[in-house]
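*Asks:* Listed here are the chains, written in short residue letters.
Protein chains: 2
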Amino acid sequence: MKLTILGSSSALPTSERYPSAHVLNVHEHLFLIDCGEGTQMQLRKCRIRFGKINNIFISHLHGDHVFGLYGLLSTFNLMGRTVPLSLFAPASYMAKLSSHLHDFDINLNFQIDFHPLAGKEPVQIFENKHMTVTSFPLKHRIEAFGFLFREKPAERNIIRERIEELGISVAQIRAIKKGSDFVAADGRLIKNSDLTLDPEPPLSYAYCSDTAYFRGLAGVVRNVDLLYHEATFATNMKELARQTGHSTAADAAKTARAASAGTLIIGHFSARYRDIDPLVEEARTIFPSTIPALDGFTYDIAELARRIK
Amino acid sequence: MKLTILGSSSALPTSERYPSAHVLNVHEHLFLIDCGEGTQMQLRKCRIRFGKINNIFISHLHGDHVFGLYGLLSTFNLMGRTVPLSLFAPASYMAKLSSHLHDFDINLNFQIDFHPLAGKEPVQIFENKHMTVTSFPLKHRIEAFGFLFREKPAERNIIRERIEELGISVAQIRAIKKGSDFVAADGRLIKNSDLTLDPEPPLSYAYCSDTAYFRGLAGVVRNVDLLYHEATFATNMKELARQTGHSTAADAAKTARAASAGTLIIGHFSARYRDIDPLVEEARTIFPSTIPALDGFTYDIAELARRIK
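The listed protein sequences derive, respectively, from chains R and Z.
The first sequence maps to residues 1 to 309 in the working numbering.
The second sequence maps to residues 1 to 309 in the working numbering.
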């Protein structure tokens with residue numbers, strides 16, 4: 001699992017920070033989370049292959065999280081995409097998107113499979129061989145959703161030497177990887193723990209933006225390896241944070257601490273902070289394993305998880 | 001008159017080239033011409049002051065010329081703009097823009113004065129103390145317009161020493177600057193040419209994108225100091241240019257030559273050209289004073305005009 005930050009600004013981009021967009025790479029499947037203006041240019045700069053993006057998640061319908069989607073869809077089209085695209089977004093978005101594409105005479109050559117987000121409870125919205133995605137409500141001025149990406153536990157790693165040594169068949173290998181013991185030709189029972197090694201522990205990533213602080217959030221993202229939480233403001237602007245449905249760096253850190261997160265990555269910085277170090281420092285006083293989201297940087301979640309241990 | 005290129009790509013941006021957007025500075029009034037995705041970030045990078053943009057011109061309703069406008073308008077709003085904004089665009093655009101802003105709950109604190117572009121003839125659409133702007137039809141897959149920005153002739157420069165020497169009043173100075181002769185206290189007639197120096201010649205800039213080649217265009221932009229003409233393709237792709245309503249570099253150069261333009265600046269380059277030198281070379285064989293549009297660069301039109309002479 002690797003996370004690339006395409007944009008870490010809040011509504012007003014700066015010359016250093018673009019509006020919100022993240023790319024999560026899980027076993028070479030790319031998940032685009034939010035799609036602020038300029039996402040396609042940032043994808044190019046980061047040399048991320050457009051064709052590997054088959055799932056896009058939109059947290060809420062504020063422009064700084066969506067306005068890059070029109071250009072990206074047009075580009076998919078011009079590049080000859082025919083593979084369907086799954087789009088997860090608040091329920092009202094599909095009609096808005098369709099009408100806007102129609103206004104600009106954009107006829108997509110590929111299908112959009114739209115998955116409306118709704119509800120007040122966490123809901124699993126995606127599953128493949130490797131992972132699941134759960135959406136959950138945030139607390140913003142308008143309906144907004146966070147996303148939790150969880151790897152499934154990997155199969156156990158079989159010790160290669162044992163395969164030849166004991167004459168294990170392909171079908172038996174499959175069972176052993178899932179945890180079975182093995183009965184040898186001579187009738188001996190060999191325990192799974194003598195045949196396999198522990199796999200890498202499954203990793204997880206949660207995206208929480210935009211949101212005001214609320215106590216219930218920590219429970220939803222409990223034990224996540226990497227928690228992205230918006231930190232639009234420092235604590236001295238907490239009134240503005242409250243009014244606008246945003247969080248301070250301290251709010252983000254409190255949620256990370258209550259959730260026993262591995263690492264906290266903060267972003268969605270207000271344009272007023274040219275230097276974001278004070279925001280990181282503020283969060284670290286509450287939750288030391290805090291790092292800032294930096295445009296164009298890729299974070300290896302396995303590596304971050306190892307460092308924590 | 002100075003021109004800043006914010007984006008020189010065609011529909012598919014690259015890591016080096018953003019979609020179309022130009023800023024023309026005429027006596028510190030900024031005119032934004034087209035507004036592709038990422039325009040506001042490019043404005044920041046070029047340190048151009050948002051508050052000086054009061055007029056936006058949209059050539060046609062393809063996304064790579066418009067999709068930056070939503071973000072830019074939102075940003076104007078967040079920055080507290082109250083000054084009205086004049087928007088010149090194809091007639092159908094205002095309804096599309098309004099519906100899109102409505103979809104995203106964007107209530108602008110400033111007024112948009114919409115000026116629909118239409119018709120088959122050049123029309124003057126703007127005038128201030130310093131200049132005029134004329135729109136004219138291009139030849140593209142959909143309705144598209146070019147823009148001609150022309151400075152008015154400046155007043156004559158009065159020779160300071162003469163004012164004291166001859167006791168010229170403020171009212172008389174004003175008349176002399178406009179070309180009047182002067183009658184001295186002793187009745188002598190002093191010719192204007194003995195009182196003044198020639199002003200800088202008025203400059204002009206034309207924006208022609210997107211368009212296929214057509215013979216009539218040269219007449220509309222005759223003698224322009226700087227001609228921006230799209231050159232999406234090289235001549236070996238002229239069939240594709242024709243099919244898509246675009247020009248080759250040679251097409252752009254032919255129009256520049258027929259128009260007796262001062263300098264030709266080509267842009268709107270297809271993403272297939274990582275290196276645009278061949279396009280510039282192709283144009284120069286027909287029109288030697290050709291330069292490429294480069295993102296983030298500013299071109300001093302007075303300086304270019306002086307070099308030509």
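Derived from the structure by calculation, the hints contain no laboratory data.
Quick reminder that beta carbons are idealized off the backbone N, C-alpha and C, glycines included.
Please note: incorrect hints may appear among the correct ones.
Unchecked claim - Pair ranges (Cβ atoms, derived):
#1 R/Q111 with Z/R307: 51 to 61 Å
#2 R/I106 with Z/R284: 27 to 37 Å
#3 R/P84 with Z/Q243: 19 to 29 Å
#4 Z/Q111 with R/E127: 25 to 35 Å
#5 R/P84 with Z/R272: 25 to 35 Å
#6 Z/H27 with R/D275: 51 to 61 Å
#7 Z/Q111 with R/Q111: 20 to 30 Å
#8 Z/S99 with R/E143: 19 to 29 Å
#9 Z/N128 with R/G216: 53 to 63 Å
Said to hold, decoys possible - Listed below are the simulated BS3-like cross-link pairs for lysine-lysine, each with C-alpha atoms no more than 27 Å apart in a straight line:
#10 Z/K2 with Z/K191
#11 Z/K45 with R/K45
#12 R/K52 with R/K129
#13 Z/K120 with Z/K139
#14 R/K96 with Z/K96
#15 R/K45 with R/K139
*Asks:* Next, verify each hint and record whether it holds.
*Replies:* Against the structure, the hints:
In this structure the supplied range 51 to 61 Å holds for R/Q111 paired with Z/R307, their Cβ-Cβ distance being about 54 Å. Between R/I106 and Z/R284 the beta carbon distance is about 36 Å. The supplied range of 27 to 37 Å therefore holds. Checked against the hint of 19 to 29 Å, the C-beta distance between R/P84 and Z/Q243 comes to roughly 28 Å, which is consistent with it. At about 49 Å, the CB distance of Z/Q111 to R/E127 disagrees with the hint of 25 to 35 Å.
Roughly 27 Å separates the CB atoms of R/P84 and Z/R272, a value that falls within the hinted 25 to 35 Å. At roughly 36 Å, the beta carbons of Z/H27 and R/D275 sit outside the given window of 51 to 61 Å. Between Z/Q111 and R/Q111 the CB atoms are about 40 Å apart, so this pair departs from the stated range of 20 to 30 Å. The given range of 19 to 29 Å is respected by Z/S99 and R/E143, whose C-beta atoms sit roughly 20 Å from each other.
Taken as a hint, the range 53 to 63 Å holds for the pair Z/N128 and R/G216, whose Cβ atoms sit roughly 57 Å apart. Of the supplied pair hints, the one linking Z/K2 and Z/K191 is violated, its CA atoms being roughly 35 Å apart against a limit of 27 Å. Under the criterion of a C-alpha separation no larger than 27 Å, the hint pairing Z/K45 with R/K45 is consistent with the structure, at around 16 Å. Note on R/K52 and R/K129: the hinted pairing holds, with a Cα-Cα distance of about 16 Å set against a maximum of 27 Å.
The hinted pair formed by Z/K120 and Z/K139 meets the criterion: a straight-line CA distance of about 11 Å does not exceed 27 Å. Between R/K96 and Z/K96 the alpha-carbon distance is near 11 Å, which keeps this suggested pair within the 27 Å criterion. At most 27 Å may separate the alpha-carbon atoms for a hinted pair to count; R/K45 and R/K139 exceed this at roughly 33 Å.
Consistency with the previously given hints fails for numbers 4, 6, 7, 10 and 15, ordered from lowest to highest.
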